[in-house]
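Participant: Below, each chain spelled out in residue letters.
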Amino acid sequence: MKYLSEYRDPVAAKRFVEAIRERVTRPWTLMEVCGGQTHSIVRYGLDALLPAEVELIHGPGCPVCVTPVAQIDQALEVAGREGVILCSYGDMLRVPGTRGDLRQAKAAGADVRVLYSPLDAVELAAAHPEREVVFFAVGFETTAPAHALAVLQAQARGIRNLTLIVSHVLVPPAMEAILGGEHNRVQGFLAAGHVCTVMGTEEYAPLAARYRVPIVVTGFEPLDLLQGIYLCLRQLEEGRAEVENQYARVVEPRGNRSAQDLVRRVFEVVPRRWRGVGEIPRSGLGLRAEFAAFDACARFGAVESAEPAPSECIAGEVLRGLKKPAECPAFGTRCTPTTPLGAPMVSSEGACAAYYRYRAPQGARP
Amino acid sequence: MSELGASCPLPASSERVLLAHGGGGRLSQQLFEELFLPALRSPELEARHDGALLSAGGARLAFSTDAYVVDPLIFPGGDIGSLAVHGTVNDLAMCGARPRWLSAAFVLEEGLPLSTLRRVVASMGAAAAAAGVALVTGDTKVVDRGRGHGLYLTTSGVGVVEHGAAIGPQTVRAGDAILLSGDLGRHGIAIMATREGLEFETTIESDSAPVHAPVLALLEAGLEVHCLRDLTRGGLASALVEVAQAAGLGCALDGAQIPVEEDVQGACELLGLDPLQVANEGRFVCFLPAAQAERALEVLRKHPVSAGATAIGVVSSARPGLVELDTGFGSSRLLDMLSGEQLPRIC
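Residue numbers (our numbering), protein chains in the order written: chain A, 1 to 366; chain B, 1 to 347.
Only chain A is shown next, with the shape it has when bound in the complex (with noise of 0.2 Å):
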């Protein structure tokens, strides 16, 4: 366990805040992308450690929260019909479509299975030639290369019985709604460590340099985090605003190119709906027309929903890091993560499932 007891030992931990404090002469608000890394800020509490002027808001970089209501409603239909097997990950069954989620479907009858791997769902649907496979593939740059991989199988042993829900989303495109956004107030990003792994981290300079915001690359341990957010405020303090990489032990600054030559072969970028944000050009993957017979909403037809109207929830401004969960009404009380009202609250990367999870106020809870 070298490689994680090491990032997170609380005495490296405390030099890295000691540097924090000695940089920082004003306020600075950052956000971290991914919600990976807002769960480790939450579950360490690291951003009670940062100096009062340090504001850490939390990012859209969580899947399974920005999954549109229609994808989830897509699944939903497709998961009740007739020789279905719907197969996704974990979180996707707890997330509330417009009629409940795929964990009822499953309890009334639909066949709903997690899966740990998209080639999984390949070899179910090779055991299974009589069922019709869905894998509900959801997920950024991370989980896309996985996904074509599964295609490209299914394709070469003449699968005909599998098809996808793409709802594939990037990551950059986020970003940059997000800067151009009018109440925007990020001043620097803590990108995504594991899609730069994949993607590499060329496509941020231009972002960084249009928007005149740094863009530290960062992992997702306490020290990772912690480094990242000393890299960020140097380069602010500095008056630099330029693509930096903390993750250099697991990012190359060209990414995976393999990974990259799977994704562009089966997906090409479409424009993309986020939960709670709306529709974002070019911010997200769907299946090339050559693999249009493993396009699921072309074989079973494509549901319509509507976007639900307005509720208490206030997902989309936490998504986009106007809000932080505690500032609902329903935090705590009306929504917990049984009784989800929006996806951040559902999913194992949602900011607010990590603020429940880990501080929710005294008499928040039932």
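Please note that a few of the clues may not be correct.
Chain B regions said to be covered by chain A (calculated; three or more residues, Cβ under 8 Å) [unchecked claim]:
| no. | region |
| --- | --- |
| 1 | 15-26 |
| 2 | 261-273 |
| 3 | 325-338 |
A few chain B residues that don't get close to chain A, going by computed Cβ distances all over 10 Å [as the list claims (entries may be wrong)]:
| no. | residue |
| --- | --- |
| 4 | Gln30 |
| 5 | Ala67 |
| 6 | Arg118 |
| 7 | Val136 |
| 8 | His149 |
| 9 | Ala174 |
| 10 | Phe200 |
| 11 | Glu224 |
| 12 | Ile258 |
| 13 | Thr310 |
Just the calculated beta-carbon pair ranges, DEER-fashion [to be verified]:
| no. | chain 1 | residue 1 | chain 2 | residue 2 | range |
| --- | --- | --- | --- | --- | --- |
| 14 | B | Phe200 | A | Pro271 | 40 to 46 Å |
| 15 | A | Ala293 | B | Glu34 | 43 to 49 Å |
| 16 | B | Leu35 | A | Ala12 | 48 to 54 Å |
| 17 | B | Gln170 | A | Glu237 | 55 to 61 Å |
| 18 | A | Glu268 | B | Arg147 | 44 to 50 Å |
Just so you know, these hints were derived from the structure itself, not from any lab. These numbers were taken from a predicted model, which means no experiment stands behind them. Glycine is no exception: its CB is placed at the ideal position from the N, C-alpha and C atoms.
Go by the hints and put chain B onto chain A.
Facilitator: The following block gives chain B in isolation, referenced to the frame of chain A:
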């Protein structure tokens, strides 16, 4: 504040049983409080203990029952037979009772290989002998192929309470020490790894084992045990939250004192699980006055099943109903019950 619109994606009130109702977390608790308890109310059920304490003819008895549906039937470190003995023995031990008699009810699926059944039953017999309990009555039913999962097993147990202590959350006091009997998470990870075909460098074995011997030793040593909980589904976190809520007190834990083996920690990191929420089948926590903690640890460490016992925290009246964990970073975080069944994360 607006009223919730009809179009808000509220999860429709769950009119059916979900898997999470059996997960040992909040939904399980809700099912008990809202469905079972109102219909079946008794003083013993209201005590919300792992087993019921009964008196008859001057004897004080503990009575407990548990159903076993584990998949796979055979896993590293045990099988459904030994598990069904250990689970009920441990529930009785958590009442401070000496386990004596067990019943077993088998629901078999047509087509189950007799060799599997033979192995499970032999393992039950060995586990019962090792725990000093006798299997004294049982029943067998067979269901059509496809209507069961090979084998479901229910055991009930009766134990004798030989002391006068009131063991339960209501006895817990501010200032009590919280002792943990050993490392966490091995049963849950062993099952998950086998079920999902996950391979790690080492085979993680279940911690399934009877824990009554160290518990009885604590009582026989005259230690003032206030509360005992075995850490099954939902793990340490769920057990402590339950005790904290029932006692109306808070628990403050030192994360550095909670033992988790490296391979379990690694598997949890990969799967996105919190080892403090993962199931165990041979672990328990004990609440007792802090002044007796050292002596209690000495007693526990003499028994192989609790050789790794540590003091992990204290009870306080500061934040009633909450369990706080010192992160080692100069901050603390809350531990929560599982919200549903444990689900692996996406990325």
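Participant: Work down the list of hints and note, for each, if the structure agrees.
Facilitator: Hints, one by one, checked against the model:
Chain A is given as covering the region 15-26 of chain B, and this holds because 6 residues of the stretch bring a CB closer than 8 Å to a CB of that chain, at least three being needed. For the region 261-273 of chain B, the proposed coverage by chain A is satisfied: 5 residues have a C-beta within less than 8 Å of a C-beta in that chain, meeting the threshold of three. With a cut-off of 8 Å between beta carbons, the region 325-338 of chain B has 9 residues touching chain A; three or more are needed, and the interface restraint holds. The beta carbon of Gln30 (chain B) is not kept farther than 10 Å from every beta carbon of chain A, the shortest such distance being approximately 8 Å.
With a cut of 10 Å on Cβ distances, Ala67 (chain B) stays outside the contact zone with chain A, its closest approach being about 19 Å. Residue-level check passed: Arg118 (chain B) sits 30 Å from the nearest beta carbon of chain A, beyond 10 Å. Taking the minimum C-beta to C-beta distance to chain A, about 37 Å, the non-interface status of Val136 (chain B) holds against the 10 Å cut. The beta carbon of His149 (chain B) is kept farther than 10 Å from every beta carbon of chain A, the shortest such distance being approximately 15 Å.
Non-interface status of Ala174 (chain B) relative to chain A is upheld: no Cβ of that chain comes within 10 Å, the nearest being about 16 Å off. With a cut of 10 Å on Cβ distances, Phe200 (chain B) stays outside the contact zone with chain A, its closest approach being about 13 Å. With a least CB separation of 29 Å from chain A, Glu224 (chain B) remains clear of the 10 Å interface cut-off, as annotated. The non-interface label for Ile258 (chain B) is consistent with chain A: the shortest C-beta to C-beta separation is roughly 14 Å, beyond 10 Å.
Residue placement check: Thr310 (chain B) keeps its beta carbon more than 10 Å from all beta carbons of chain A (closest about 18 Å). Distance hint check: the CB atoms of Phe200 (chain B) and Pro271 (chain A) are about 41 Å apart, consistent with the given range 40 to 46 Å. Here the CB-CB span from Ala293 (chain A) to Glu34 (chain B) is close to 48 Å, well matched to the stated 43 to 49 Å. Remark: the range hint 48 to 54 Å for Leu35 (chain B) to Ala12 (chain A) is upheld by a beta-carbon distance near 50 Å.
Judged by the Cβ atoms, the range 55 to 61 Å given for Gln170 (chain B) and Glu237 (chain A) holds: they are separated by roughly 56 Å. Restraint check, Glu268 (chain A) to Arg147 (chain B): a C-beta distance of roughly 47 Å satisfies the suggested window 44 to 50 Å.
The structure shown violates just one earlier hint, number 4.
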